Amino acid sequence: MTSTSPAQPADKHVAPQADHGDPARSLIARIAEGRAWLFLAGLIICFEVWSRLAFGATFMLNPFNLQSIAIFAVAPLLLATGQTFVIISGGIDLSLGFIMGLAAVIAAHATNMAGAAIPLPLAMLVGILASVIVAGVPGVINGLLISRLKVPPFIGTLGMFGVARGAAFLLAGGTTVPVQNSWFALLGNGKFYGVPYLVLITAVFVIVMHYLLSQTRFGQHNYAIGANVQAARRAGIDIRGHILRLYVLSAMCAGLGGALYAARFTAGAAQAGEPLLLDSVAAVVIGGASLFGGSGTIFGTVAGALVIAVIQYGLVFVNVEPFWQFIAVGVVIIISVLIDQAQRRFSGARQDE
Amino acid sequence: MNSSNQTTPLLEVRNLSKHFGAVRALNDFSMAVRPGEVVALAGDNGAGKTTLIKAISGVFQPTGGEILLRGQPVTFATPQEAREKGIETIYQDLALADNLSIGANIFLGREPMRKAFGFLPVLDRKAMAEAAKATMGRLDFHVSRLEAPVSNFSGGQRQAVAIGRAVYWDAQILIMDEPTAALGVPEQRKVISLIHQLKAQGRGVIFISHNLQDIFAVSDRIVVLRRGVQAGERKISETNHDEVVKLMVGG
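Here the protein sequences line up with chains A and B, keeping their order.
Residue numbers for the first sequence, in the numbering used here: 51 to 403.
Residue numbers for the second sequence, in the numbering used here: -1 to 249.
Bound conformation, chain B alone (with noise of 0.2 Å):
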């Protein structure tokens, strides 16, 4: 959120390479990620969009390279490592406990208790319905029914509570793996203008999708990846549907 920083990025990645045996799925690839910037990833399958996610989001162990989270070197041996330093990975299949409330997703893992009749410790479902309603009003997006469980929402709102988790946990970097690959097109656009909000706000997005139409509509920058390298880097407002293409498929 420190714009005055803006020549610091708030992720960079430096030379990062990831080997499977003789596989290079990752090779030698450099990025970086700027407060209120969103970059998108691009590439064919197999092209090394996910084991980069998984290398920065600490699934992996990189095989070389280095990952930087402003300006700091850091290595993350578990996903929960990567989280406490503020990166969040937002899956497309709705991470989400169906059964449980907006509030109860938010805090799975995590949950607040309070002390019932002074000495009792019980789950603090107030507390955890009350952020659930502040963190979903900051992403514009308002329900009536915070007890309800998720599964009476429709996918683009469930996509919206998995963003308002990595919102509310102060996620300053948010890895989004395709968040709208499982929604209709009026549900993609609601996640479109989430992403907008999330940008407005000051945190760096990672979006990785299949959808050129999408990523023009909200990334900054565009980062191509072919074969674990990178094959191109363009910024949106200097390129176009078939360059990008064309930077995907090697023509």
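Pulled out of the complex, with its shape left as it was, chain A reads as follows (with noise of 0.2 Å):
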């Protein structure tokens, strides 16, 4: 998508004034800007009712089911974290999935052989690292088809998501890998003061994309291409470079999120992160960003990826039938982008058709 040009108004269309005073334009917009948190509180809220009616029990108050949602928010917000990134430029990464399965193999490989020679917390980094690294080659050859060879990423990263696939079913020999490494294990299961380790983990990791995308010149400029490719290419943008980046730090979350299924399950499996692309990029579109590219933020698909997570574990601990999930999850997306057009009507927004 960042190969289309931006499009322009084709008809001699003067713009209305610019408005900033309106007030029911700006509390549309805010709105449709926290949308993802009220979806989170209506959730939560929702759930809280149903409990207390159903079985006189609190539902957020007990720590055990927010270390759970938590656990289950882990491995879709690391993979939408990456994908917002993408999306914001106006891409998107289809080969996250399978990046983070081959991640998850490679590092139940890594840290099993590198613990046979070294001390097992040194074998469980060099398993992280191994991962990560790893991740980032179909995130180069993701950047280098996109940027140089000009592919559409849908296309692109479609044939990355085979291609990952089958590396990863064939690394792991079409089975799952166990990982013999205790500390690897306390990684995974561990509790700081009743937080996760991979919550903590997952929560710096978020911070600092955070950092990246709000408050430096690579996210700066990511958010520039997204809108407008050709005048970030003006501005002297290095539109290549950029892209090849990209891709590179979005296959290095999912590389991540692999490396800590890897340490939740103490096994590497290639389809670890199968049901998991489609939430992440449910995650970043209920958090509010546009896949025609130029919005989004981190912490509006940490809510995104918080209200998926919050549906999954609610429903099944109000004993509803699982495959409600999907319904409820595919509703909240479609709820949420109506907001998001209803918000663009109104503030005249041109760049989309």
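Honestly, the hints are just simulated from the structure, not real lab data.
Since the model is a prediction, treat every value here as computed from it, not as a measurement.
One or more of the hints may lead you astray.
[As the list claims (entries may be wrong)] Stretches of chain B that chain A covers, calculated by requiring three or more beta carbons in the stretch to come under 8 Å of a beta carbon on chain A:
#, stretch
1, 78 to 90
2, 93 to 102
3, 106 to 112
4, 117 to 126
[Stated by the list, open to error] Some chain A residues close to chain B (C-beta under 8 Å, calculated; not the full set):
#, residue
5, Y273
6, R284
7, A285
Even for Gly, the Cβ is constructed at its ideal location relative to N, Cα and C.
Using the supplied hints, reconstruct the complex from the two chains, each of which is provided in its own coordinate frame.
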């Protein structure tokens, strides 16, 4: 999508004078901006009431529930963090799910191999590092395909989806690869004052990514490319280099996701991220990003990932058939996009049709 | 801005040619722009206007001839080099990132950074907003909400932001390719008045337009291109619409 030229006002229509003070517009804009957090609050209230009525027990104040939701959210959130950058730039990365699977298998193999030669904690680090670096390889290829060879992101990363999938299953020998490393198991299942290590690592990582997106030139250029790639090029931004780094970044986010998956289950599985890819796109969209590019935030995506995790865990908790999860998440995605479009119509934004 | 130097043109193009294979898009073309002068470039579609400005702004390498900046011969391998030497191009299609603020657009690709907590490099949004305010003030364009994305502004205001970016980076020569084409009439007037301000600041402007009314409203001289060659050059005060049209169509 980055290769399409930016939409321009084709007619000689004069935009209305900027109207900064309209309270209706800014209210809608504010609701649209924070819609993921509103969804989240609504869902939590909903499940709390349901839980109290049905079981006479609290939902949200139960620390076990909180831990479970947070753990649920970790892997899709890691994929969604990278996906947020890609979607803001106007692209999409469909290969993330199997890059995560590939990374999980690599983490398991590398930790086991290193564990035979060096102390276990070091072996664990080697495993994590290896999985993140290896995950960067399909990222580099995605980036080169899209930036140099002008392959549309949807197609390029779809191809990489297949390649990473095959590579992951081949490396895993078609099965799950168990990890023999007590430190790695502790990382995946231990807690620090009740907060799982996985959640802590993810929280720190997400804050770093928020910094990267909101406070650095890389992030600023990412927004500019998503809004108007022509303008970004004319401003002297190295589009090709940026796109390459972008897809490496998103693949490495998936790589970390794979490593943490392997820690949590003390095993690497090629299909680790299979169901998570579309969840990651959903989290980004619920979080307020536009698939046309140019808008979105990391914290919005965090809320989006939590919305999905709360729906998934909450429906199981209140004993509803699990298939309702899909329907609930689907409905939230559609409502979220409808709010986004209403807000666009109000603000008179004209970059997308 | 050096008014004592009126005789040396800011920009001079001598015998410039650009051939694409057998097609002579531009042939042996010469013109000059002096400080504080607005030179209109007129011509039918395919006359070579775009080829000329792309050669001046570093997009194309000319096949022959030379470009002189304040009397010094220059060559530009990329548009960036031309921009660094003070030649800025403003496009008709409002080349802004709509989702970013005025300041972020002015600094796009050259964002100022500051250190948060003494060590962490972060975008200096305050500096960007202040520079935006000062720059837009110089163009007599006052906005209250500097953090608003430029999509909130009208077409003329956005064109002013594009011009403001050139002014902030101290472009001495602004090439404006149909800067009013995407705008309504009141907005066109606003851009015309902006060009008057650029002129008053001693910058050189190359103004490309199909609209003779705009050309006569703002230019000092008009250079007419036809099929890649110079068909004529007139002082605006000494010509009229009919003569210019005749030059353009070759009647």
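Hint by hint, here is what the structure shows:
1. With 4 residues carrying a beta carbon less than 8 Å from a beta carbon of chain A, the stretch 78 to 90 of chain B meets the three-residue requirement, and the given coverage holds.
2. Note: the stretch 93 to 102 of chain B has 7 residues with beta-carbon separation from chain A under 8 Å; the three-residue rule is met and the coverage holds.
3. For the stretch 106 to 112 of chain B, the assignment as covered by chain A holds, since 5 residues bring a beta-carbon within under 8 Å of that chain's beta-carbons and 3 suffice.
4. Requiring three or more residues with a Cβ within less than 8 Å of a Cβ of chain A, the coverage given for the stretch 117 to 126 of chain B holds, as 4 such residues are present.
5. For Y273/A, the interface hint holds, since its Cβ comes within 8 Å of a Cβ in chain B; the closest pair sits about 6 Å apart.
6. A cut of 8 Å between beta carbons decides the hint on R284/A: the least distance to chain B is about 5 Å, and the hint holds.
7. Restraint check, A285/A versus chain B: the minimum CB separation of about 4 Å is within 8 Å; hint holds.
Going through the hint list in order, the structure satisfies each hint without exception.
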